[in-house]
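*Asks:* Listed below are the residues making up each chain.
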Amino acid sequence: MKFESEFTPIALDELHHEAAVMKVDGWRFIQTHAVNTDNGIDLYYSFMKNGHIKNLKVAGVTKENPVPSITDLFLAAFVFENEARELFGVDMRDIAIDFSGALYAPAIDEPMTIITPEQKAAREKARKAKAAKEAKGDEASAPASAEGAPRIFVMTPERRQRLDAKLATMSPEKVAKVEAALKAREAEAAAAAAGAPARPQKPLRRPLPTLARLRPLLWKRLPSKPFRSTTTSSPRLRSSTLTRPRRCAPPSPPATARHLRQPNWRQGRRLRSSMPLSRTSLH
Amino acid sequence: MGKKSIIPFGPQHPVLPEPIHLDLVVEDEVVLEATPQIGFIHRGLERLVQTKDYNQFIYVAERICGICAFGHSMGYAETIERLMGVEVPKRAEYLRVIWHELSRIHSHILWLGLAADAFGHEALFMHCWRLRERVLDLFEKTTGGRVIFSVVKVGGVQRDIDKSMLDEFISVLDGIKDEYIQICNAFLNEPSVYNRTAGIGVISPEDAWNLSMVGPFARASAVNYDVRMLGNGAYGDLSDFQPILSNNCDCYARMEVRAAEVPQSIDIIKELAARIPAGDIAVPVKGAPDIDAEACNVLEQPRGECFYYAKGNGTKYLDRMRMRTPTSQNIAGMAVALKGCDVADVNMIVLTIDPCISCTER
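Just so you know, the sequences run in chain order A and B.
Residues 1 to 283 in our numbering are what the first sequence spells out, letter by letter.
Residues 1 to 362 in our numbering are what the second sequence spells out, letter by letter.
No lab work stands behind these hints, which were simulated from the structure alone.
Built from N, CA and C at the ideal position, the CB exists for glycine as well.
Take these hints with a grain of salt, some might be off.
With a cut-off of at most 30 Å between alpha-carbon atoms, the simulated DSSO-like pairs for lysine-lysine come out as follows [as the list claims (entries may be wrong)]:
(1) A:Lys49 with B:Lys90
(2) B:Lys153 with B:Lys52
(3) B:Lys153 with A:Lys130
(4) B:Lys90 with A:Lys136
(5) A:Lys23 with A:Lys54
(6) A:Lys23 with A:Lys57
(7) B:Lys90 with A:Lys57
Reference excerpt, derived from the structure (chain A facing chain B, CB under 8 Å, subset only) [said to hold, decoys possible]:
(8) Val24
(9) Trp27
(10) Gln31
(11) Ser100
(12) Tyr104
(13) Ala105
So these bits of chain B aren't anywhere near chain A, every CB distance computed over 10 Å [as the list claims (entries may be wrong)]:
(14) Gly39
(15) Gly120
(16) Tyr194
(17) Gly199
(18) Leu211
(19) Met213
(20) Leu230
(21) Val283
(22) Ile291
(23) Glu294
(24) Ala295
Kindly generate the complete structure, drawing on both the sequences and the hints.
*Replies:* Okay, here's the thing in structure tokens:
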């Protein structure tokens, strides 16, 4: 990866001035886009010079902050500024070619600002997990745990209290399962402390074959079509390099006893006259 | 002083591969102004990062456009690898670039066919697309797909190309090159084609720079910029790479630049196929991007520079994925190029920016 990129935060009122400075310094305008965050919309203006990408980031723009357009400096930005206004609700002013909401005309206003509840819950969970991890890193780590040694689960009184509170709400079967698992883990920890070998790794599941991998196998069974250019007469147009096998004859049906063969609709009457009489027809 | 009228061009038009609408303000067969309008194929694909995790989204990314499919999947994968700090094996980088250059060849030959159709040479259009079929056969042999391959994943590629197949690539490409040069003769040395394209849709080098144009559209106006010069990925291992530029700044120059990029791509593939290192084709990628991690990436697609930006939020779903495609950058240039041209030349000019509106609107 031979180019460098950087993200430089700037304030909204510095935006137009910074863009003008970039133009005078010979930077090439790449694009503008918006990112939806909890604190408003973040606008990114990307420029490039000599293989270096500089992204100017204007953070936390809300509907109350009008954003000056840079189309007077870089006309190509009009598509992106109209898009930011329509999809994110950014209040862009003085765009050179202004579509007034008719660029994409989405059915819902500001669709990119809508985040589904599942997404919000997942993001909240990730944030809490990160905060908890950082908090754990600040606490004193477990004694005598060196780099690379297996982490030993220690049941502290607070953890036991929290677990008991949860178990009180669960059914007796689940409670029994949880207790059994805890006992197994304690036994494993004791064995590891005593120097016994670790639990054997579960064998990795083989990945299921995808259709892309199966398709060459299928090709071998299907008759393939003759390559197009072998049918043209001109030697100049005929491809000499890429050929495929010609259409093969279908495999012949397996030989069966004549009296067991189903009458073919083509053979029709001829077969019927030479078919052996069945036992029931003798009566 | 004639009467001004407004002629609607598109979204359905025989020369347009994808829907774009232009309102042409016309006075006596001369276009005074052109206002572009897009939005016919906006699918909201950037919103899908909320429902597809970062591994699944690569399948969405490559379906943004049929012609630039591989470019989007490669650019997206590179962006996520930058975001998560994943180092892709060398062999995977080489394979990606080989497929990407093949993608460039097929895209340019497709465009040459469309350009021939635009100035009325249907037989040449058919010849170009017949030639393109051989490239699609190569794709199908190595990836299973003709247009959308699903062969790139975050961490590498999913399939390998062995030595015998690489030798077949080279022999097929040599076969294509001879016939391709004969077809280019019909484009570049034909007086009737020259009359239709020379001096049409001129954008000066200063305007090209100020309008931030990208790709062959800009290089035909002497803008010396090609992302492959930056040496990203396996492009850094090429012995020499010079972007193809032209000083003529008109439709004929854009045709010349695209026509010349195909033999350049064939040479790149040959060089990389000869030097491809052995090794793994992918590394396993586990976990999720960090909260507030950001990364950006650029890639030279057939139409120009494509910019990608990704932001993580700690979950396996990305916070934001942005793909700025070359055509969205070139629309301003197209609107300027259309000023002052004849109505009959609008077809040619719109096609010479190589519009990929599906990419623009996502």
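*Asks:* State for each hint whether it applies.
*Replies:* Hints and how they fare:
1. A:Lys49 with B:Lys90: Holds, because 27 Å separates the two Cα atoms, which is no more than 30 Å.
2. B:Lys153 with B:Lys52: 14 Å, holds
3. B:Lys153 with A:Lys130: 27 Å, holds
4. B:Lys90 with A:Lys136: 38 Å, violated
5. A:Lys23 with A:Lys54: 13 Å, holds
6. A:Lys23 with A:Lys57: Holds, because 17 Å separates the two Cα atoms, which is no more than 30 Å.
7. B:Lys90 with A:Lys57: It is violated: about 33 Å lies between the C-alpha atoms, which goes past 30 Å.
8. Val24: Since the shortest Cβ distance to chain B is 12 Å, the answer is violated.
9. Trp27: Trp27 of chain A check fails; min Cβ-Cβ to chain B is 10 Å, beyond 8 Å.
10. Gln31: Holds, because the Cβ-Cβ distance from Gln31 of chain A to chain B comes to roughly 4 Å (cut-off 8 Å).
11. Ser100: 12 Å, violated
12. Tyr104: Holds, about 4 Å.
13. Ala105: 6 Å, holds
14. Gly39: 4 Å, violated
15. Gly120: Consistent with the label, Gly120 of chain B stays out of reach of chain A, its closest Cβ about 23 Å off (over 10 Å).
16. Tyr194: 25 Å, holds
17. Gly199: Fine: 24 Å to the nearest Cβ keeps Gly199 of chain B off the interface.
18. Leu211: 5 Å, violated
19. Met213: 8 Å, violated
20. Leu230: The claim breaks: Leu230 of chain B does not keep its Cβ more than 10 Å from every Cβ of chain A (closest is about 5 Å).
21. Val283: 15 Å, holds
22. Ile291: Incorrect as stated: the minimum Cβ-Cβ distance to chain A is 6 Å, not above 10 Å.
23. Glu294: 6 Å, violated
24. Ala295: 8 Å, violated
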